[in-house]
Amino acid sequence: MTKINDFVVRFANVNGTGSASANSMFAKAIFRMGIPVTPKNIFPSNIQGLPTWYEVRVSEKGYLGRREGIDLMVSVNPQSMLKDVESVRSGGYFMYDSTKPLHKEYIREDITYLGIPLMGICMEQYTDPRQRQLFKNIIYVGALSALLDIEFAVLEQLLAEQFKGKEKLVAPNVQALQLGVKYVQENFTFPLEIRVERRDLVGKRILFDGNGACGLGAVYAGATVAAWYPITPSTSVVEKFEKYAKKFRTDKETGEKNFAIVQAEDELAAIGMVIGANWNGARSFTATSGPGVSLMNEFLGLGYFAEIPAVLIDVQRTGPSTGMPTRTQQSDITISAYASHGDTKHVLLFPSNPKDCFELTADAFDLAERLQTPIIVLTDLDLGMNDHMSEPFEWNPERKYDRGKVYTAEDLENMGRFGRYLDSDGDGIPYRTYPGTHPTKGSYFTRGTSRDEYAVYTEDSAVYVKNMQRLEKKWDTAKEIVPKPYFYQEKNMSPLGVIFFGTSTYSSEEAIDLLREQDVVLDAMQLKAFPFNKDVEQFIEDHEVVFVIEQNRDAQMRSLLINELEINPKKLIRVLNYDGMPITADKIVKEISKNLTVA
Amino acid sequence: MTYIRPTFRHPDLPKNKINFTKKDYEGALSTLCAGCGHDSISGAIAQACFELSVEPHRIAKLSGIGCSSKTPAYFLGNSHGFNSVHGRMPSVATGAYLANRDLLYFGVSGDGDSASIGMGQFVHAIRRNLNMVYLVMNNGCYGLTKGQDSATADNGSKSKAGSVNPFNAIDLVGLSMELGATFVARSFSGDKAQLIPLIKAAIKHPGFAFIDVISPCVTFNNNVGSTKSYDYVREHIEATSTVDFVPIMEEITANYEDSKEITLHDGSALQLQKLHQGWNPEDKLSAMIALQNAKEKGEILTGLVYIEPNTNALHDVLQTAKTPLNILNEDVLCPGIDALEALNESLR
Numbered sequence: 001m002t003k004i005n006d007f008v009v010r011f012a013n014v015n016g017t018g019s020a021s022a023n024s025m026f027a028k029a030i031f032r033m034g035i036p037v038t039p040k041n042i043f044p045s046n047i048q049g050l051p052t053w054y055e056v057r058v059s060e061k062g063y064l065g066r067r068e069g070i071d072l073m074v075s076v077n078p079q080s081m082l083k084d085v086e087s088v089r090s091g092g093y094f095m096y097d098s099t100k101p102l103h104k105e106y107i108r109e110d111i112t113y114l115g116i117p118l119m120g121i122c123m124e125q126y127t128d129p130r131q132r133q134l135f136k137n138i139i140y141v142g143a144l145s146a147l148l149d150i151e152f153a154v155l156e157q158l159l160a161e162q163f164k165g166k167e168k169l170v171a172p173n174v175q176a177l178q179l180g181v182k183y184v185q186e187n188f189t190f191p192l193e194i195r196v197e198r199r200d201l202v203g204k205r206i207l208f209d210g211n212g213a214c215g216l217g218a219v220y221a222g223a224t225v226a227a228w229y230p231i232t233p234s235t236s237v238v239e240k241f242e243k244y245a246k247k248f249r250t251d252k253e254t255g256e257k258n259f260a261i262v263q264a265e266d267e268l269a270a271i272g273m274v275i276g277a278n279w280n281g282a283r284s285f286t287a288t289s290g291p292g293v294s295l296m297n298e299f300l301g302l303g304y305f306a307e308i309p310a311v312l313i314d315v316q317r318t319g320p321s322t323g324m325p326t327r328t329q330q331s332d333i334t335i336s337a338y339a340s341h342g343d344t345k346h347v348l349l350f351p352s353n354p355k356d357c358f359e360l361t362a363d364a365f366d367l368a369e370r371l372q373t374p375i376i377v378l379t380d381l382d383l384g385m386n387d388h389m390s391e392p393f394e395w396n397p398e399r400k401y402d403r404g405k406v407y408t409a410e411d412l413e414n415m416g417r418f419g420r421y422l423d424s425d426g427d428g429i430p431y432r433t434y435p436g437t438h439p440t441k442g443s444y445f446t447r448g449t450s451r452d453e454y455a456v457y458t459e460d461s462a463v464y465v466k467n468m469q470r471l472e473k474k475w476d477t478a479k480e481i482v483p484k485p486y487f488y489q490e491k492n493m494s495p496l497g498v499i500f501f502g503t504s505t506y507s508s509e510e511a512i513d514l515l516r517e518q519d520v521v522l523d524a525m526q527l528k529a530f531p532f533n534k535d536v537e538q539f540i541e542d543h544e545v546v547f548v549i550e551q552n553r554d555a556q557m558r559s560l561l562i563n564e565l566e567i568n569p570k571k572l573i574r575v576l577n578y579d580g581m582p583i584t585a586d587k588i589v590k591e592i593s594k595n596l597t598v599a
Numbered sequence: 001m002t003y004i005r006p007t008f009r010h011p012d013l014p015k016n017k018i019n020f021t022k023k024d025y026e027g028a029l030s031t032l033c034a035g036c037g038h039d040s041i042s043g044a045i046a047q048a049c050f051e052l053s054v055e056p057h058r059i060a061k062l063s064g065i066g067c068s069s070k071t072p073a074y075f076l077g078n079s080h081g082f083n084s085v086h087g088r089m090p091s092v093a094t095g096a097y098l099a100n101r102d103l104l105y106f107g108v109s110g111d112g113d114s115a116s117i118g119m120g121q122f123v124h125a126i127r128r129n130l131n132m133v134y135l136v137m138n139n140g141c142y143g144l145t146k147g148q149d150s151a152t153a154d155n156g157s158k159s160k161a162g163s164v165n166p167f168n169a170i171d172l173v174g175l176s177m178e179l180g181a182t183f184v185a186r187s188f189s190g191d192k193a194q195l196i197p198l199i200k201a202a203i204k205h206p207g208f209a210f211i212d213v214i215s216p217c218v219t220f221n222n223n224v225g226s227t228k229s230y231d232y233v234r235e236h237i238e239a240t241s242t243v244d245f246v247p248i249m250e251e252i253t254a255n256y257e258d259s260k261e262i263t264l265h266d267g268s269a270l271q272l273q274k275l276h277q278g279w280n281p282e283d284k285l286s287a288m289i290a291l292q293n294a295k296e297k298g299e300i301l302t303g304l305v306y307i308e309p310n311t312n313a314l315h316d317v318l319q320t321a322k323t324p325l326n327i328l329n330e331d332v333l334c335p336g337i338d339a340l341e342a343l344n345e346s347l348r
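Which chain is which? The protein sequence lines are P and G, in order. Residue numbers for the first sequence follow my numbering, beginning at 1 and rising by one. Residue numbers for the second sequence follow my numbering, beginning at 1 and rising by one.
Heads up, a few of these hints could be off.
Heads up, simulated SDA-like pairs for lysine to any residue below, C-alpha to C-alpha not over 20 Å straight-line [said to hold, decoys possible]: (1) P:243 <-> G:330; (2) P:400 <-> G:335; (3) G:322 <-> G:312; (4) P:257 <-> G:327; (5) P:3 <-> P:191; (6) P:247 <-> P:165; (7) G:17 <-> P:440; (8) G:146 <-> G:219; (9) P:252 <-> G:330.
Source of the hints: derived by calculation from the structure; they are not laboratory data.
Please work from the sequences and hints to get the whole structure.
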């Protein structure tokens with residue numbers, strides 16, 4: 001079974017042993033050889049000691065979703081070894097530390113064992129226990145490079161880049177790689193049948209994580225105030241924002257910063273600060289995950305009703321409650337769409353790759369100020385915390401921030417009475433003023449209670465209803481300006497449609513190809529935003545059956561479509577995965593095929 | 001309910017240094033109960049701002065939820081106000097302050113809003129040393145929901161319905177000092193002579209200025225046996241000193257033996273006379289001892305309690321730019337395409 005550039009390698013490590021950088025060097029080397037890769041961390045909610053896995057899918061065809069079936073397991077963790085042996089596909093390989101002999105319960109007849117005495121080599125070569133630990137990881141990468149035909153020069157180059165400024169460290173690492181290569185050369189037939197061959201399939205693409213891209217997007221979009229409370233898997237959004245803001249927005253002479261970051265006491269305070277800063281005219285955001293969104297509900301309702309911009313990046317994880325905090329899901333759709341009591345609705349954006357994360361985060365700030373309402377960017381752990389091959393970031397140098405409808409002192413000077421909630425333009429969006437604009441004009445009282453068009457408190461039913469209707473009109477305006485869905489075909493070709501969004505996109509695209517090979521043709525639409533516009537409605541109307549692919553138990557996106565577009569539920573068929581692992585194309589194919597047989 | 005207020009104002013109303021009359025610092029008609037202590041405090045805030053010649057639009061008023069939190073509608077009508085959600089004013093104030101360091105932030109809260117539901121945010125706003133005034137209108141009860149005890153009600157205090165509060169009170173003054181507040185005072189809504197100079201000094205203070213104002217609830221907590229009734233407070237009040245606010249460039253007139261002058265950050269001064277024995281407002285230990293002694297004796301200690309006139313507020317700590325962040329735009333905030341291309345290159 002020669003499989004060039006098409007296999008999955010999984011590393012079984014112990015959390016906190018320095019395996020992460022060795023493993024990512026492995027993935028990056030294949031990427032540098034022009035071959036598409038998808039690395040994924042499968043990690044515990046733990047700092048040190050528990051099992052952790054790193055999975056790299058190599059795909060000549062460029063499929064970036066997760067795939068079941070391990071072709072090569074690199075087993076460096078005795079705790080999980082039994083499970084790791086079992087998870088190798090028949091005919092696959094099992095690399096392990098052969099310093100001690102393998103117990104017979106680990107022996108399978110249908111896989112090939114590659115024993116390398118990793119600890120033995122380290123004991124012989126190094127005296128410092130920390131070095132023994134760290135170089136063990138580099139040695140197995142060296143061994144893999146020989147077994148899989150990874151170009152050694154590429155690994156050397158990566159080490160040189162990694163230790164730039166600490167050049168002393170390069171040579172010992174190269175030497176450790178060579179120890180692995182040498183052992184393979186002396187003991188095995190190599191390369192294996194699964195291996196890599198240089199290609200030119202990557203082009204200008206980059207390898208980056210979604211959280212970093214969101215943080216960078218916030219820097220480019222001119223966010224100046226970030227308030228947050230640490231929570232997995234969103235933490236690195238603000239950390240990356242800080243990294244890039246420090247780099248690009250600090251005055252080199254004075255050290256003064258054009259941004260402020262506050263680590264709040266909890267998520268309630270984080271979103272409160274964001275609301276306060278936006279009310280006062282700064283672009284401000286927070287990042288959190290499901291449990292944080294639950295806590296932020298109250299302020300999101302205030303933001304909706306008092307019409308205050310806010311940007312919230314929700315990196316979804318497996319719920320409910322604390323759930324599986326280090327596993328992925330798309331299960332905050334319902335709570336985000338309707339967050340808070342009373343009649344509330346929120347604009348949602350659904351990035352599906354790092355470039356999307358960058359662009360939709362930037363767009364979120366424009367939308368928030370244009371619509372004067374909270375915007376929630378729904379990403380997830382898989383996208384946020386793993387590196388993804390992505391088109392490079394782009395920015396239009398002519399782009400101006402859309403600060404929305406804001407009266408200046410001069411506007412106020414030349415107009416009659418200012419009405420904060422007057423719908424002067426007929427689009428449901430009123431004009432606002434920043435505090436401190438004019439000595440005698442334009443001040444108003446912001447409140448979560450009902451008020452009239454001039455922001456004066458009222459309990460008059462008619463005035464209340466008129467205001468709620470204006471908010472609905474604003475919602476209709478939002479439909480026209482949020483990102484449109486992406487259609488994979490110019491003209492519909494099939495009575496069958498499929499809808500997906502976010503990180504379900506990778507495996508959905510692959511599943512569409514696989515089904516096409518079985519002569520099942522699907523028209524496809526990728527959702528980018530809520531509220532849904534006419535195009536979304538039309539797509540569903542144009543198909544007899546539409547599969548909705550998503551990663552939660554309750555088919556939340558399907559429910560939202562049914563609820564908002566008044567679609568016959570029978571028409572929308574759920575295709576779900578909610579085990580905490582990213583959805584696979586095989587699973588989608590299986591689910592869709594099952595339904596086709598029934599139909 | 002309050003009453004028709006004449007719209008006519010005498011043309012010769014006195015003006016302050018920046019040509020505003022007192023009317024320019026008034027707000028909408030109060031809808032609180034007649035005789036509510038909160039209305040006196042609103043009046044004191046307006047008076048202090050008028051006398052300080054603060055431009056009304058350079059102040060932002062913020063509040064949470066409750067009777068006290070309604071009051072920002074009743075003073076400084078030319079200022080932006082934000083009546084936020086219950087117990088969460090400190091976070092909104094933090095965000096607002098970060099967005100524009102040039103405005104004055106005046107937070108109004110109540111004992112329920114700060115000592116119960118908002119305790120978490122209250123203490124963290126102090127820790128961060130926001131540059132703001134944080135005034136609690138403290139009546140020991142929940143007015144809007146008809147008189148339940150709050151967390152500042154004293155142990156043993158009797159409610160209007162006759163029940164005795166069995167829990168210990170949270171003392172916001174002692175707590176804020178413990179947390180490092182750099183300006184701490186307590187006052188009484190019935191003592192404008194003390195309250196107005198304290199508010200002025202609090203506005204001038206460059207960090208977190210906390211004022212706990214005992215403000216009796218005439219409807220639900222003004223009965224015999226309540227330790228927050230007008231009569232009880234008047235009988236048990238004890239001041240650390242008299243307080244006079246002396247604006248910049250004005251000479252201090254009187255000079256008594258037991259007096260102290262504290263120069264504030266901008267050059268204005270607080271003149272304190274008839275000093276409480278053993279108390280030095282710039283010495284935290286003596287302030288805490290004075291507070292504890294008063295508590296032991298069943299006295300309500302009012303006046304300035306503690307001050308650290310020069311302090312680094314949150315913007316200083318964060319090293320934020322001097323230009324308010326809310327007026328910056330893409331020309332300075334966006335790193336541009338060359339930086340982005342370099343970043344792309346580093347990710348290949």
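How the hints compare with the structure:
1. P:243 <-> G:330: Judged against 20 Å, a Cα distance of about 19 Å means the pair holds.
2. P:400 <-> G:335: Since the Cα atoms of residue 400 of chain P and residue 335 of chain G sit roughly 13 Å apart, the hinted pair holds (cutoff 20 Å).
3. G:322 <-> G:312: Holds. Residue 322 of chain G to residue 312 of chain G sits at ~14 Å (cutoff 20 Å).
4. P:257 <-> G:327: Satisfied, since the Cα-Cα distance of roughly 14 Å is no more than 20 Å.
5. P:3 <-> P:191: Status holds; Cα separation ~12 Å.
6. P:247 <-> P:165: Given that 20 Å is the threshold and the Cα spacing comes to 18 Å, the pair holds.
7. G:17 <-> P:440: It holds: about 16 Å lies between the C-alpha atoms, which stays within 20 Å.
8. G:146 <-> G:219: Holds. Residue 146 of chain G to residue 219 of chain G sits at ~9 Å (cutoff 20 Å).
9. P:252 <-> G:330: 19 Å, holds
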